[in-house]
Amino acid sequence: HRVLVSGKHLALASSYFKNMLRGTWKETTSHLATGPMGIAAEGWDLEALLIVLQVLHCQNSQIPRKLSLEMIAKIAVVADYYQCKEALGFFSQTWLDSMDQKPPSTYCRDLLLWIWISWFFGRQSQFRQTTSAAASRSTSPLIAIPGLIKEKRTTAIANILQQLHGKLDRLLRSTSCTFECSSMMYGALSTRMHSSGLLYPRPVAPFLGISHEKLVQQVLSFEPPKWWSAPTMYDNRPHGCSWSSFKPLVGNSNTVISGLDLSKMGTLCTKNKTDIVVAS
5 HRVLVSGKHL ALASSYFKNM LRGTWKETTS HLATGPMGIA AEGWDLEALL
55 IVLQVLHCQN SQIPRKLSLE MIAKIAVVAD YYQCKEALGF FSQTWLDSMD
105 QKPPSTYCRD LLLWIWISWF FGRQSQFRQT TSAAASRSTS PLIAIPGLIK
155 EKRTTAIANI LQQLHGKLDR LLRSTSCTFE CSSMMYGALS TRMHSSGLLY
205 PRPVAPFLGI SHEKLVQQVL SFEPPKWWSA PTMYDNRPHG CSWSSFKPLV
255 GNSNTVISGL DLSKMGTLCT KNKTDIVVAS
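The opening residue of the sequence shown carries number 5 in our numbering; numbering runs sequentially from there.
Among the hints, erroneous ones may be present.
Quick list of the computed label-pair ranges, beta carbon to beta carbon [said to hold, decoys possible]:
#: 1; residue 1: Leu224; residue 2: Thr159; range: 38 to 48 Å
#: 2; residue 1: Gly151; residue 2: Leu172; range: 41 to 51 Å
#: 3; residue 1: Gly42; residue 2: Asp104; range: 48 to 58 Å
#: 4; residue 1: Gly213; residue 2: Gly151; range: 17 to 27 Å
#: 5; residue 1: Arg69; residue 2: Leu266; range: 22 to 32 Å
Below 27 Å or equal to it, Euclidean Cα-Cα: the simulated DSS-like pairs (lysine-lysine) are [said to hold, decoys possible]:
#: 6; residue 1: Lys230; residue 2: Lys171
#: 7; residue 1: Lys106; residue 2: Lys230
#: 8; residue 1: Lys251; residue 2: Lys154
Derived by calculation from the structure, the hints in this document are not laboratory data. We put the CB at the ideal spot given by N, CA and C, even for glycine.
Start from the sequences and build out the full structure, keeping to the hints where you can.
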């Protein structure tokens with residue numbers, strides 16, 4: 005398809021078209037800037053492209069006030085390519101505010117779409133919320149989202165695994181309160197880690213199949229053995245030294261990794277944008 009448009013309107017709203025219309029021949033440039041021109045619709049969702057063009061041509065009565073998450077994401081890709089985000093200001097705010105669908109709390113394609121549109125349209129609250137959910141609940145390397153989210157997820161998981169294996173090593177070296185204590189705690193921890201797939205082979209980055217949230221929940225569910233010690237022949241009491249708990253292994257780790265600050269983000273590369281929107 006080719007769409008007939010006004011070069012003048014596009015040049016005023018889009019730096020992409022403004023630069024394109026700076027031709028070598030003055031006569032050609034003058035004609036395109038004032039008369040109609042055709043642009044190819046191949047490679048774009050036709051509806052998304054037409055909505056962007058209607059905005060740029062100030063055809064306000066034809067522009068829908070309510071759109072799906074999918075369509076807003078496609079419009080954002082078109083607007084990003086043609087460098088006309090500012091022209092969508094009023095309508096993008098209207099579309100986002102009128103959405104019935106809220107950002108999901110689970111890792112799914114819709115979450116990736118929300119990351120993309122909240123970044124592109126500068127929605128800090130939604131960007132922090134969605135990047136937090138992606139980093140906390142993804143079990144994959146997150147190919148289609150910013151590298152900082154992948155880094156936060158990988159680092160958080162690696163830290164917990166380091167705590168687990170470090171604890172095992174210290175127990176093996178009998179550096180806890182007593183030999184009996186370290187022996188029972190070592191056996192209990194190694195058994196729990198084995199049943200959770202965390203012992204051998206030790207998981208390595210990018211930690212496929214592991215989410216930070218579930219990993220923290222797993223470790224918090226580890227029950228230490230309970231036994232009674234007898235400091236004297238007349239005294240029996242439950243053993244409760246600082247080594248006889250697994251909860252410190254996750255430290256202050258919350259099941260949720262904090263989201264990213266939009267003001268500290270750079271740009272999303274073109275491949276990331278395409279991956280997010282066309283992912284099935």
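So, going through the hints one by one against the coordinates:
no.: 1; hint: Leu224 <-> Thr159: 38 to 48 Å; verdict: 19 Å, violated
no.: 2; hint: Gly151 <-> Leu172: 41 to 51 Å; verdict: 31 Å, violated
no.: 3; hint: Gly42 <-> Asp104: 48 to 58 Å; verdict: 37 Å, violated
no.: 4; hint: Gly213 <-> Gly151: 17 to 27 Å; verdict: 21 Å, holds
no.: 5; hint: Arg69 <-> Leu266: 22 to 32 Å; verdict: 25 Å, holds
no.: 6; hint: Lys230 <-> Lys171; verdict: 18 Å, holds
no.: 7; hint: Lys106 <-> Lys230; verdict: 45 Å, violated
no.: 8; hint: Lys251 <-> Lys154; verdict: 26 Å, holds
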